[in-house]
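Asker: Read top to bottom, the protein sequences are chains L and X. In terms of the numbering used here, the first sequence is residues 1 to 409. In terms of the numbering used here, the second sequence is residues 1 to 365.
No lab work stands behind these hints: they were computed from the structure. Where hints are given, some of them may not hold.
[Unchecked claim] If you anchor each label on the Cβ, the simulated ranges turn out as follows:
id, chain 1, residue 1, chain 2, residue 2, range
1, L, Lys75, X, Ala349, 53 to 61 Å
2, X, Arg66, L, Ser250, 36 to 44 Å
3, L, Gln367, X, Pro104, 55 to 63 Å
4, L, Thr118, X, Arg330, 22 to 30 Å
5, X, Glu70, L, Arg61, 23 to 31 Å
6, L, Lys201, X, Arg330, 54 to 62 Å
7, X, Arg44, L, Arg61, 17 to 25 Å
8, X, Glu70, L, Ala215, 27 to 35 Å
9, X, Asp87, L, Ala180, 29 to 37 Å
10, L, Lys278, X, Pro346, 40 to 48 Å
11, L, Ala215, X, Glu308, 38 to 46 Å
12, X, Glu140, L, Thr118, 22 to 30 Å
13, X, Leu288, L, Leu173, 40 to 48 Å
14, L, Arg406, X, Arg15, 33 to 41 Å
[Unchecked claim] If you want a taste of the chain X side facing chain L, the calculated C-beta under 7 Å gives, among others:
id, residue
15, Pro7
16, Thr11
17, Thr23
18, Leu24
19, Pro27
20, Leu34
21, Asn38
22, Leu40
23, Trp41
24, Thr43
25, Asp87
26, Gly88
Just so we're clear, the structure is a prediction, and the values are computed from it rather than from any experiment. Built from N, CA and C at the ideal position, the CB exists for glycine as well.
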Amino acid sequence: MSNTTTTEPEAPAIESPLARLSPEQLDEIGRELDAIRDRVMSDLGDRDRRYIESMIAMHRRLAILGRVLLLASRKRPAWIAGTAVLSAAKILENMEIGHNVMHGQWDWMNDPRIHSTTWDWDNVSPADAWKHSHNYEHHTFTNIRGKDRDLGYEIMRIDPEQPWHPVYLLQPLYNLLLAAFFEWGVALHDINFEAVRKGKKPMPKVREELRAIGAKVRGQALKDYVAWPLLSGLAAAALEAGLSRREAKSGRRRRGGLADVAARAPRRGTEGFRATAKANATANVVRNAWAYAIIFCGHFPDQTYTFGEEEVEGETRGGWYVRQLLGSANIEGSPLFHVASGNLGYQVEHHLFPDMPSSRYAEVAPQVREVFERYGLPYNTGPFGRQLGMVQRTILRLAFPGGKARPKP
Amino acid sequence: MAETGAPPRITTRRRRALRAMRTLFTPLLPDDYLELINPLWSTRELRGRIERISPEADNAASLLIRPGFEWPGHLPGQYLRIGVVVDGVHHWRAYSLTTEPGRPDGCIGITPKLVPSGVVSPYLVRRARPGDIVRLGGVEGTFVLPSPPPRRVLFISAGSGITPILSMLRSLDRSDALTDVVHVHSARNAERVIFGEHLRELGARREGLRLHLRLTGEQGRLAPADLDRICPDWRTRDAFASGPAEMLDALHAHWKADGDPARLEIERFQPIVGAAGATAAGGRVRFLASDVEAECGGGTPILVAGEEAGARLPFGCRMGICHTCVGRLRAGAVRDLRTGEVHDTPNKAVRTCVNAPEGEVEIEL
Numbered sequence: 001m002s003n004t005t006t007t008e009p010e011a012p013a014i015e016s017p018l019a020r021l022s023p024e025q026l027d028e029i030g031r032e033l034d035a036i037r038d039r040v041m042s043d044l045g046d047r048d049r050r051y052i053e054s055m056i057a058m059h060r061r062l063a064i065l066g067r068v069l070l071l072a073s074r075k076r077p078a079w080i081a082g083t084a085v086l087s088a089a090k091i092l093e094n095m096e097i098g099h100n101v102m103h104g105q106w107d108w109m110n111d112p113r114i115h116s117t118t119w120d121w122d123n124v125s126p127a128d129a130w131k132h133s134h135n136y137e138h139h140t141f142t143n144i145r146g147k148d149r150d151l152g153y154e155i156m157r158i159d160p161e162q163p164w165h166p167v168y169l170l171q172p173l174y175n176l177l178l179a180a181f182f183e184w185g186v187a188l189h190d191i192n193f194e195a196v197r198k199g200k201k202p203m204p205k206v207r208e209e210l211r212a213i214g215a216k217v218r219g220q221a222l223k224d225y226v227a228w229p230l231l232s233g234l235a236a237a238a239l240e241a242g243l244s245r246r247e248a249k250s251g252r253r254r255r256g257g258l259a260d261v262a263a264r265a266p267r268r269g270t271e272g273f274r275a276t277a278k279a280n281a282t283a284n285v286v287r288n289a290w291a292y293a294i295i296f297c298g299h300f301p302d303q304t305y306t307f308g309e310e311e312v313e314g315e316t317r318g319g320w321y322v323r324q325l326l327g328s329a330n331i332e333g334s335p336l337f338h339v340a341s342g343n344l345g346y347q348v349e350h351h352l353f354p355d356m357p358s359s360r361y362a363e364v365a366p367q368v369r370e371v372f373e374r375y376g377l378p379y380n381t382g383p384f385g386r387q388l389g390m391v392q393r394t395i396l397r398l399a400f401p402g403g404k405a406r407p408k409p
Numbered sequence: 001m002a003e004t005g006a007p008p009r010i011t012t013r014r015r016r017a018l019r020a021m022r023t024l025f026t027p028l029l030p031d032d033y034l035e036l037i038n039p040l041w042s043t044r045e046l047r048g049r050i051e052r053i054s055p056e057a058d059n060a061a062s063l064l065i066r067p068g069f070e071w072p073g074h075l076p077g078q079y080l081r082i083g084v085v086v087d088g089v090h091h092w093r094a095y096s097l098t099t100e101p102g103r104p105d106g107c108i109g110i111t112p113k114l115v116p117s118g119v120v121s122p123y124l125v126r127r128a129r130p131g132d133i134v135r136l137g138g139v140e141g142t143f144v145l146p147s148p149p150p151r152r153v154l155f156i157s158a159g160s161g162i163t164p165i166l167s168m169l170r171s172l173d174r175s176d177a178l179t180d181v182v183h184v185h186s187a188r189n190a191e192r193v194i195f196g197e198h199l200r201e202l203g204a205r206r207e208g209l210r211l212h213l214r215l216t217g218e219q220g221r222l223a224p225a226d227l228d229r230i231c232p233d234w235r236t237r238d239a240f241a242s243g244p245a246e247m248l249d250a251l252h253a254h255w256k257a258d259g260d261p262a263r264l265e266i267e268r269f270q271p272i273v274g275a276a277g278a279t280a281a282g283g284r285v286r287f288l289a290s291d292v293e294a295e296c297g298g299g300t301p302i303l304v305a306g307e308e309a310g311a312r313l314p315f316g317c318r319m320g321i322c323h324t325c326v327g328r329l330r331a332g333a334v335r336d337l338r339t340g341e342v343h344d345t346p347n348k349a350v351r352t353c354v355n356a357p358e359g360e361v362e363i364e365l
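Let the hints inform the model, and build the full structure from the sequences given.
Answerer: Here's what the structure looks like:
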């Protein structure tokens, strides 16, 4: 991808609103946003703790409920209900809990467990590698071309200023694969193969990270594809054996007689095993597709800007805030939608204040919007369907050469 | 990482069962689910439930705590690190255990005194309710009653310094070893004697305990020379003293000049920081990871200066025990406010809660 010669101009095709602001205005914006942040951070207390504890308790209850329903996964209704509940649990754990705890949003509680240094999530991507590539690289260099590796995740052409390469013709296909297997994409992305290829990342470090992924994959696979399916299988076989014994005792005969029970119980067990393994795989894919959709809506809708490195040279705190604003887009939705999306529908607020508890984004959003509108800056937001639709259109269009930056507010 | 409770003592069978189930719950533990049913069941850290809270004199309260698992035991006189959640934040403090080891009900007790400007003691004394869950950290301290206990004992305490002494008295009482004990306790006035009732009852029941109460509001502070009158045979007793620093310093000097200092054990509580009269030069501290700078006075711990400047720093016991607050020293020198020692080894892990800067300092936090 980088072996094509870059003929594209480095200067942005569309003037960034960043260039319209004077240094004094940027400083003033910085001060106003700092004040919003300080007000919330000094107000954190019991109410916030109750919120995250209730989310964590809810995840654990849903997870157990889903797993228990799936012990009867041979029955269609149980399979559907169990898969739905487990998917919901995994989504909650990934988005509102895992992502946000690992951002350090709850570190102020000084809780040894609900803490960015100790949290691990139900995901094949190891916590440490993710925290580096996400918290540090992506949140620091947000939407800077060539520095923010989350801009298209190095495999997609998401910005017309990225040079085209024939491999991008396959982009619509691996876009779908990425949606289904997002957690795997994230895990591999964290390795940063580009840096490995260029020799910028020492091999022992790479080996260590691969080992960490291996350990996570092993644990996740054992849980979702061996241990719980095995329990379902055992439950199904035991139920079958129990039913047959009772029938034999009560004198009623079933087709085939006792000899058949010996054959039937293992068969039921195998069915239970398979049904639960399938349910768990489905729940993982549902969670992955949801995470993919929310995250792609964060920075890739038409309204967002990308930046050249020269645009952010000597960036001040105010400038950093404005870049976060211009590079992010919100999604409008109900309170339930915001919980399910880990409050990343407030992508702008999240990027301005990545370590503020997510439950506070809704309350600061109007204040943030008011500040930016006063300076004539766009505040990007839209309904979920529209934002996701724009992203998909971009992915399809930019699979082919050319393409212009979409008009921006 | 934030400070956490001590690992509880659990049976091998339980540990094996929990380990066998880990596969089902990774990356969480079975404990994470069990604690939804009962927070005391977590085997990650020892927790306890407050069973009873009884107000004591002088704005103190005695808390009786039932540990979630078998109490690993302590020596009379030791202190316990205890973690509580106040306004959403975990805080850790150390309090002397006031109960004797081996209570038949398996409970342990502490008696915090209210420090109105504090965080943890107002919670424990005023807001905590029976049923609340607390976290139980390690038991520490070398101010302990030896085993077997000395035959002739002199206890000297003042104010809330009585707490470790009470554990010793109760322990002697439980083992019928309260045979020849003199206890000299100072309090401002009669209403402010913590455990006053309890001490009187014990004195009435045990002939071997002679109680001497000094009300400093009327009689003035205890001078070491008064001991010749109150307890003429003080030189021949094993003495244990706990209270304010001035009293301890005076007693120590007295034993050194006129007795055998090896027979005097002392417990220093507050002020832990600056106990040895240590003050640093002070200076500017740069917290590299937080990107915060703070001006830090010579008697102020680096942690406090950083927090006041708005840095979010890890903290635990705030007394140099738990090592939660450590950061690597990248440049400069620090002085340990407890011992007066100076450290300037680059990359040394220093405890920010008990060290102050000797000039400009950079720390990786």
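Asker: Give a verdict on every hint.
Answerer: Hints, one by one, checked against the model:
1. L:Lys75 x X:Ala349: 53 to 61 Å: 57 Å, holds
2. X:Arg66 x L:Ser250: 36 to 44 Å: 50 Å, violated
3. L:Gln367 x X:Pro104: 55 to 63 Å: 59 Å, holds
4. L:Thr118 x X:Arg330: 22 to 30 Å: Holds: the Cβ-Cβ distance is about 25 Å, inside 22 to 30 Å.
5. X:Glu70 x L:Arg61: 23 to 31 Å: Since Glu70 (chain X) and Arg61 (chain L) have Cβ atoms about 30 Å apart, the given range 23 to 31 Å holds.
6. L:Lys201 x X:Arg330: 54 to 62 Å: With Cβ atoms ~24 Å apart, the hint is violated.
7. X:Arg44 x L:Arg61: 17 to 25 Å: With a Cβ separation near 19 Å, Arg44 (chain X) and Arg61 (chain L) satisfy 17 to 25 Å, so the hint holds.
8. X:Glu70 x L:Ala215: 27 to 35 Å: 34 Å, holds
9. X:Asp87 x L:Ala180: 29 to 37 Å: Violated, since Asp87 (chain X) and Ala180 (chain L) (Cβ atoms, about 43 Å apart) do not stay within the stated range.
10. L:Lys278 x X:Pro346: 40 to 48 Å: This hint is violated: roughly 57 Å between Cβ atoms.
11. L:Ala215 x X:Glu308: 38 to 46 Å: 41 Å, holds
12. X:Glu140 x L:Thr118: 22 to 30 Å: The hinted range 22 to 30 Å holds for Glu140 (chain X) and Thr118 (chain L), with Cβ atoms some 24 Å apart.
13. X:Leu288 x L:Leu173: 40 to 48 Å: 45 Å, holds
14. L:Arg406 x X:Arg15: 33 to 41 Å: Given about 59 Å between the Cβ atoms, the range is violated.
15. Pro7: 12 Å, violated
16. Thr11: Check failed: Cβ of Thr11 (chain X) comes no nearer than 23 Å to chain L, outside 7 Å.
17. Thr23: Given a least distance of 5 Å, the restraint on Thr23 (chain X) holds.
18. Leu24: 5 Å, holds
19. Pro27: Status holds, d = 4 Å.
20. Leu34: This hint is violated: Leu34 (chain X) lies away from chain L, its Cβ roughly 10 Å from the closest one there, beyond 7 Å.
21. Asn38: Violated, because the Cβ-Cβ distance from Asn38 (chain X) to chain L comes to roughly 13 Å (cut-off 7 Å).
22. Leu40: It is violated, given that the least Cβ distance between Leu40 (chain X) and chain L is near 16 Å, above 7 Å.
23. Trp41: Violated, because the Cβ-Cβ distance from Trp41 (chain X) to chain L comes to roughly 14 Å (cut-off 7 Å).
24. Thr43: Violated: closest Cβ of chain L sits about 13 Å from Thr43 (chain X), beyond 7 Å.
25. Asp87: Nearest chain L Cβ about 4 Å off; hint holds.
26. Gly88: Because about 4 Å separates Gly88 (chain X) from the closest Cβ in chain L, which is inside the 7 Å limit, the hint holds.
Hints 2, 6, 9, 10, 14, 15, 16, 20, 21, 22, 23 and 24, counting from the list given before, are not met by this structure.
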